[in-house]
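**Q** Here's the letter readout for the chains.
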Amino acid sequence: MKSLRTGALLLSPLLFVLLAAFVVPLLLLVPTSFQEYRPGQGIATDAWTVQNYVRIFADEFYREVVLRTIGLGAAVTLCCLILGYPVAYLIVRGNPRWRLPLTLLVIFPLMLNLVVRSFGWIVLLTNRGVINNLLIDLGLIERPLRLMFNLTGLMIGLTHIYLPFMVLMLVAALQNVPRDVEAAASTLGSSRLHVFRAVTLPLTAPGIIAGSILVFVLTISALVTPRMLGGPTYQVMATLIYDEYMQLLDWPSGSALSFALAISTILIIWISSRMTKRWAGLA
Amino acid sequence: MSNLSLRHLVKRYGTVSVVKNVSLEIAEGEFVSLLGPSGCGKTTILRMVAGLIEPSDGTITVGGRDITRLPPNKRNVGLVFQSYALFPHMTVFENVAFGLRRKGESGDGLVARVNEALSMVRLDGYGERYPRQLSGGQQQRVAMARAIAPRPSVLLFDEPLSNLDAKLRDEMQIELKRLQRELKITTLFVTHDQAEALSLSDRVCVMHDGVIQQFAAPEEIYHRPATSFVASFIGKPNHLAGTVKDGAVDLGDGLVLQSTGAAALGEGAPVDIFIRQEAVTLSASASDDGASVPGTIVLRSFSGAQVQYVVRLGERFEVVVEMASSGEGANLAQGDEVFLTIRPQDIIILGSGPGA
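Chains as they are written, first to last, in my numbering: chain A, 1 to 283; chain B, 1 to 356.
Where hints are given, some of them may not hold.
[Stated by the list, open to error] What follows is a set of in silico ranges between Cβ atoms, one per label pair, in the way DEER data are often shown:
id: 1; chain 1: B; residue 1: Arg12; chain 2: A; residue 2: Leu100; range: 54 to 64 angstroms
id: 2; chain 1: A; residue 1: Leu100; chain 2: B; residue 2: His8; range: 37 to 47 angstroms
id: 3; chain 1: A; residue 1: Arg97; chain 2: B; residue 2: Thr243; range: 36 to 46 angstroms
id: 4; chain 1: A; residue 1: Arg97; chain 2: B; residue 2: Phe302; range: 50 to 60 angstroms
[Claimed, not checked] Here chain A is said to cover these stretches of chain B; the calculated rule only asks that three of the stretch's residues, wherever they fall, bring their Cβ under 8 angstroms from a Cβ of chain A:
id: 5; segment: 44 to 56
id: 6; segment: 64 to 74
id: 7; segment: 98 to 104
For the record, the hints were derived by calculation from the structure and aren't laboratory data. Note that the coordinates shown come from a computational prediction; the quantities given were computed from them, not determined experimentally. Even glycine gets a Cβ: it sits at the ideal position worked out from N, Cα and C.
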């Protein structure tokens with residue numbers, strides 16, 4: 001079949017890059033994750049162990065980081081969805097004159113460097129930062145609120161950074177909803193709220209799924225922002241993996257964590273997209 | 001009572017009026033078509049009745065109830081879209097049940113009424129399928145079933161058949177007419193297809209440029225058009241121009257056509273005349289009463305049941321004539337000198353100039 005060969009040919013450059021630079025190094029880490037790290041000696045190559053994996057679930061510290069990461073991913077995704085949907089709706093359904101400025105406004109943060117954006121949040125959120133100073137000056141609070149080095153800080157920073165992705169996905173989805181279908185529902189007796197719930201929302205499900213998966217994956221694998229806004233103590237999986245590799249040189253443990261992260265990501269995406277599809281009647 | 005009446009309906013976008021002071025009275029159970037070229041305001045009127053567009057001025061009442069400012073969901077109208085607009089994420093059953101559920105129907109009653117609607121459009125047993133699994137014609141039937149299931153007081157069609165191929169369109173036309181006769185729902189049908197409008201409707205409202213040109217029974221629209229626009233829009237009539245002279249129409253070049261309406265327009269008045277292609281008879285010799293005019297055949301084309309001729313009349317005019325291919329006059333050839341006979345009452349005559 002000619003089309004199959006053409007397809008393979010078109011795919012081959014990307015396929016090669018992915019295989020050589022991503023899949024092979026990843027697979028090389030599989031044996032590493034089953035080896036033992038002996039402090040002061042390095043990686044022991046003589047024995048195999050599943051300790052690295054068991055620890056993720058058995059050790060309280062690791063377990064907390066894993067749950068925190070997944071919880072953070074879900075929360076940021078939800079925040080982006082709730083904040084992003086109205087914006088996307090306004091861009092698609094609002095005055096056409098606002099469409100371009102609004103879209104630019106959404107995209108604009110993406111043009112700034114990630115470190116700069118995260119640092120900007122530090123300036124705003126820190127104990128003696130803009131927000132706390134303002135609130136104290138206004139007499140609303142006496143002590144600075146803890147807005148950093150905790151869940152609040154990460155939520156604010158990550159939601160801000162990944163919101164554009166969600167909005168762009170939702171804009172594309174909303175543009176694909178035919179106005180006539182919504183009009184049909186309203187002539188059949190649906191109030192505006194019911195039209196949204198029964199027609200618009202389910203028809204944008206593909207965009208909701210795509211946007212949510214994107215934001216979720218980006219969030220749980222984010223390194224720079226959690227490091228800057230979470231500090232050295234408030235760890236998520238990505239920062240923990242980084243520390244295991246770069247600070248502790250415990251490659252086996254870092255590898256096991258990496259695989260645990262990847263597998264749980266795939267599982268969560270698979271389950272949630274199945275659930276959403278069923279809800280939207282697309283299955 | 002669910003007669004539909006539109007009074008002095010106006011829709012302006014900025015300074016542009018797309019619907020200009022339209023008034024229509026549609027009796028209960030009547031099937032009325034809004035016919036006109038694209039951009040004549042017919043779809044705007046339909047959408048104003050459905051509540052999807054807000055009128056700038058005027059009132060819409062159904063059975064005496066003013067619905068002008070009501071939202072679409074409070075109007076009890078059924079709308080069938082050109083694009084079908086089915087809910088792609090719902091089964092056929094759920095699509096048809098949608099409006100019924102909104103009216104509080106549930107349980108066995110709901111199932112019975114959905115099945116009743118589906119069997120009216122001959123889609124029994126299709127309930128579990130999704131719209132994407134159906135053909136265009138079937139989707140159109142689902143759209144119709146969905147619109148009629150809640151028994152609306154007014155049924156609206158927005159060019160529902162224009163996305164179907166010709167054969168299917170003819171079938172659906174018959175289906176639609178049958179359905180409307182059975183249900184006796186007041187119906188407003190928007191189309192740019194004159195054959196569709198003429199064959200389906202009790203009355204046709206021809207529109208042009210946001211204004212009603214003529215609102216009458218299909219036969220009257222066809223045989224006695226009120227304006228030049230209607231005359232030229234309906235059918236493909238030959239358009240000639242002349243002046244009234246001695247109660248007949250003088251076309252110049254010594255060509256005179258007898259016409260029943262000519263005398264009423266006054267001696268010397270400039271007139272437009274329209275002659276239907278099928279109203280002309282061609283013969284090799286002049287008729288005895290002198291009511292025929294001479295011409296030359298410049299083109300002949302055979303199309304099955306009909307033969308079409310292009311006949312030159314004098315210096316200024318060419319007329320298209322359609323003859324049955326089985327009858328006399330089917331075997332004339334290009335270059336033949338012929339005589340055209342037109343019954344005086346078949347000539348549509350309208351005063352030309354301002355106001356016509």
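**Q** Hint numbers the structure violates, sorted upward?
**A** 1, 3
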